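Q: Listed below, chain by chain, are the residues.
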Amino acid sequence: MTMRLVRTELVDSREILPGQWLQSFHAPALASGTRAGQFVHVRTGDLSGLVLRRPFSINTADPVSGTITIHFRTIGRGTEWFTSLRAGDAVDMLGPLGRPFEVDSRSRHLLLVAGGLGMAGVRYLADEAIRDGRQVTLLFGAASARDVYPSSLLPDEVEYVIATDDGSVGHRGFVTELVPEYEAWADQAFACGPAPMLAALARLAAGRRDRLGVARLGRRRGAGRTVALGSPAARRKAFLQVSMEQNMGCAVGACLGCVIMGVGGAPQRVCREGPVFAAEEVAWDSGW
Amino acid sequence: MKAKRRVTTAKDVRVAARRTPTVRKVKPLLGSAPSPSASPAPTRARSVVARPIAAHDQPAPSVAVDLSVDLGRGLVLTNPILVASGTFGYGIEYGDVVEVDRLGAICCKGTTLKPRIGNVPPRVTETPGGMLNSIGLQNPGVDAVVDKYAKTWTGWRTSVIVNVAGESVGDYVEVVRRLDGVPGVAGIELNISCPNVGKGGLQFAIDADAAGSVTAAVRRATDLPLLVKLSPNVADVRPIAGAIADAGADVLTAVNTLSGIAVAPSRQKPLLGNIYGGLSGPAIKPVALRIVYEVAQIVDIPVVAIGGVTELADVLDYLAVGAVAVQVGTAIFADPTLPVRLVDELAEECRGRGLTSHRDLIGTALPRKPGAPSAKGVEYRP
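Chain order of the listed sequences is U and Z.
Reminder that position 121 of the first sequence reads as 121 in the working numbering, one-by-one numbering, no gaps.
Reminder that position 6 of the second sequence reads as 1006 in the working numbering, one-by-one numbering, no gaps.
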């Protein structure tokens, strides 16, 4: 589905955690035809001198009610402005943007890993996977219990495992420490969160094949055939896909503001080549 | 009606004397196609899927308004609303969200001789009323740009002006040579003022001799219309603008971004990967306005204004201080449909005032006698 400018209307706005908001918007044009991993670029109020839109992952999309939700933390005047919206207020969104997560059709067990606000990046994929009859385990990491995403906002079918830095709930430590327990179970993994978390996951994923001796996905069909870097097939064949974050300008690939370094030494636009990348497409140690 | 109309300014006679006769082919303009301001829906091959959010319903025009702008050497724009380099990619990125054929011109992303990977991120951040960027001239190099985009550009009614950057006079000349004669390339905009790249850019823009010599060298290398973009990061821009005009530039673009920095939220380092960035957006409008005002009074070539245009009032302000056209940049990120809407609003403004052209709005705020000594004696310059 090609991007378009959509006039949406706020339906509901809730502070689900301290400083974290979940808002739903009536936007039939975005609620159907978008896929997990894609995002919208949302315009803020004009009066405050804010010149940039704000990118938000599509947190959930419901074609039946024609609504999408976004989940964000208030970190500045832009996000504060969103919290002042009331039901019925009009909001201008550009979307859907970016490339989605690609789930291999043979993957039955999906491991989702989210750090903090990274939940917004993988939340929609849980819905899609369950709709398609896959099993989903969601590992979630936060600083402490007060920042833990409420399980009531997740589908019942999801196995939800929590890690907190202070041990106030669930595993004490990083969410990445939970991953080895699931790496044999999972057919594919999908992650969103702070860059160090994603880099740690990428290191874990890189050694997985040798450790487990698992057959390569796609061995029968197209064995030995190379897939183009950045193609949907490259992501589909990857064990780990990550949703990346970067300061963003235009969100359509024009300004080259939101780049990360790719393995080939070429900058990759998070808004256009991403935000979802196969872990092996990202040059994690480039210093970018 | 004759297709080509020139911008009439107080200095028109002298401008005419300077102009080189047109030998280059011009895209079909007013003569063959209906003027965009006069026709609400010119036929286009491209399908328009997305309706702009605030779709501007054009009233049936009672007076035909001519918004065309002659920038010299055969570069005649259908209207004075351009999109600024670096904010509109190569014209294709916004897809069907923007009707590119209705833009006055597109200044494409800065292009260099060799590919450049650009600066370490973060590259952009929002600031009060503006944004800082330090892209670092990431681009695939001039040959790749020509291969990839020129063919698309030839199919557009809108002129594409290629923004050119370099680290030496030789770089600039070579890039321009490779663009010369390429169908789809309507003009060159020299970026001699990009504040982001440590090695290139800035030296030319801050020194009248350097700015003049690079302009002269490029002028010898091409007959394409030549725009040169001024840097605001100088004490007095007038000697530099004068040197560029004397060296044979057809148009001055004013201004590029202001040099600035932001601090990371941790307060432990500057925010941008490159430390320095270029400030753009409404925050710089008064500065750009001042520079256009100063430059328009001392050069005989057209000045295209750029800096914080977000609404029609900004366009009118820039015209009033002597600009013949404006570039829209940062505002596109928030409102991609703004430039096309400004075209409609400007035509409507002219119609409302009973003008047949926006040319009557140009230079109205300039001193009556250009260059006359100030009546107040010594000018106060804060």
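Wrong hints could be hidden among the right ones.
Stated by the list, open to error - Computed footprint of chain Z on chain U; a stretch qualifies when at least three of its residues, placed anywhere within it, have a C-beta under 8 Å from a C-beta of chain Z: (1) 3-15; (2) 49-59; (3) 251-264.
Stated by the list, open to error - From the structure, some residues in chain Z lie toward chain U, with a derived Cβ separation under 8 Å: (4) Y1094; (5) P1122; (6) R1123; (7) V1124; (8) G1129; (9) I1135; (10) G1141; (11) T1154; (12) T1222; (13) F1333; (14) A1334.
No lab work stands behind these hints, which were simulated from the structure alone.
Computed from a prediction, not measured in an experiment: that's the story for all the values here.
Heads up, the beta-carbon is just placed ideally off N, CA and C, and yes, glycines get one too.
Q: Each hint: holds or not?
A: Now for the hints, and whether the structure bears them out:
no. : hint    : result
1   : 3-15    : holds (count 5)
2   : 49-59   : holds (count 5)
3   : 251-264 : holds (count 10)
4   : Y1094   : 6 Å, holds
5   : P1122   : 4 Å, holds
6   : R1123   : 5 Å, holds
7   : V1124   : 4 Å, holds
8   : G1129   : 4 Å, holds
9   : I1135   : 5 Å, holds
10  : G1141   : 12 Å, violated
11  : T1154   : 20 Å, violated
12  : T1222   : 26 Å, violated
13  : F1333   : 5 Å, holds
14  : A1334   : 6 Å, holds
Figure legend: structure checked against the earlier numbered hints; hints not met, in rising order: 10, 11 and 12.
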